[in-house]
Structure formats: C-alpha cells, structure tokens
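Residue numbers (my numbering), protein chains in the order written: chain A, 1 to 111; chain B, 112 to 201.
Don't take each hint at face value.
[Claimed, not checked] In silico DSSO-like cross-links for lysine-lysine, where the CA-CA straight-line distance does not exceed 30 angstroms: (1) A:Lys29 with A:Lys93; (2) A:Lys101 with A:Lys29; (3) A:Lys2 with B:Lys193; (4) A:Lys42 with A:Lys105; (5) A:Lys101 with B:Lys193; (6) A:Lys42 with B:Lys193; (7) A:Lys42 with A:Lys93; (8) A:Lys42 with A:Lys101; (9) A:Lys105 with A:Lys29; (10) A:Lys93 with B:Lys193; (11) A:Lys93 with A:Lys105; (12) A:Lys29 with A:Lys42.
[Unchecked claim] Chain B is nowhere near these chain A residues, computed Cβ spacing over 10 angstroms in every case: (13) Asp6; (14) Phe60; (15) Lys105.
[Said to hold, decoys possible] Incomplete in silico selection of chain B near chain A, CB under 10 angstroms: (16) Leu121; (17) Asp145; (18) Leu148; (19) Ala149; (20) Ala162; (21) Leu174; (22) Leu192; (23) Glu196; (24) Gly198; (25) Arg199; (26) Leu200.
What the hints contain is simulated information worked out from the structure, not anything from laboratory work. Backbone N, C-alpha and C define an ideal beta-carbon position, used for all residues, glycine too.
Here's the letter readout for the chains.
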Amino acid sequence: MKLGYDILTIVLLIAGSFFALTAAVGILKLPDFYTRAHPAGKSDTLAQTLIMAGLLVQTFHSDIFGFHASIKLALIVLILFITAPSATHAIIKAANVHGLKHWRKEEHDND
Amino acid sequence: MSFTSGVVFLTACTIMVGIGLILIRAILGPTAYDRILAANAMGTKTVIFVALLGFMVGRPDFLDIALLYALINFVVTIAILKFTEFGRLG
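From just these sequences and the hints, can you work out the full model?
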C-alpha cells in the first residue's frame, strides 16, 4: 500500500514539474504580453494542482504530516485555483483597457 | 533519504529553475504588465516551493506559511495593478 502511494506521488510530482517548467519557458519565450498570459494562467495552475495532489497523497501514510496537513494542502489548492487565474485575468483586462496592442505575425516576419 | 524525498527535492530544483526563467522575463519585460504577470507567476511558484520545503525538512508549519503567501500574493497583484492604473491606492 505504501509503495502504491509513493508511485502515485512520484508520477504526480514529475508531471507537475514538467508543466511548471513549460510554463516558465513559455513566459520567457512567447512573443507578446497576451500570449505570455496563457502559460501564466493555465499551465501554472495545472502544475501547482498536480504537485499539491502529489504531496497530498504523501500525507496519507506520513507520521509527521497528519490530517491537518491534508486539509491545509487542499485549502492551498482551492485558494490558488481561484486566485491565480483571476489575477491573470485582472492583469490582462487592465492591459486591454490601457490599450496595449495585440501581436500580429505579419508585422514581425522580419524579426 | 528515500526515493520519494529525492523526487521532492528534484521538483523543488525544477521550481527554482522556473523561478529563474520567469525572473529573466521580469527584468527584460517591455511593459509594466509583463513584470506584474511575471511577479504573479513567481508568487504562485513560491507557494509550491514553500510547501515542498516543508515536506523536505519535515515540518508541517511551512504549510501555514504557504497558505498565507497564496492569499497575500493575490492581494499584492491587485494592489500593484491599481497603483499602475491610477497612481494611488486610495
């Protein structure tokens, strides 16, 4: 039973770190503010959910991390799941209201 | 040190690499909105890192810090946005 929990944790953590790394590369490499908001809003949220789920599985058979730790991890997932996309949406809306121009491929063909 | 804690350590290293890449974007960022977006993403990654750190050193108290950081991160993002839009917080 303990081995099954460990394997589940390892799979979830590796998937989460993959999505975290791709989100970071996307924020660095994408060409425009609006395109950069995609990895920041979606991929990042998925990464934190997967990593926290992996840690949550680990609390089920741990001596140090009891029931309280499971509740706190679930609360962190819930709060980040609501606030991270809302904050990204607020930033994009502020930029759009301010009049930031959208990226067009034709204008940047010579770059 | 078991194999699982090694994977937890590896995940924390990946998160730190991601924070470094986002920091480059925060320094380069052409507009202020790029920098705010990068700061928000860094805050989210910091919450994950603090939780992983609590598991690495075996202290459940770190989860409380991660919970607080998640709440403060959202408020700070909205406050900085309001400050850049209106030039004041009142």
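Against which earlier hints does the structure fall short, listed by number upward? Structure breaks hints 3, 13, 24, 25 and 26.
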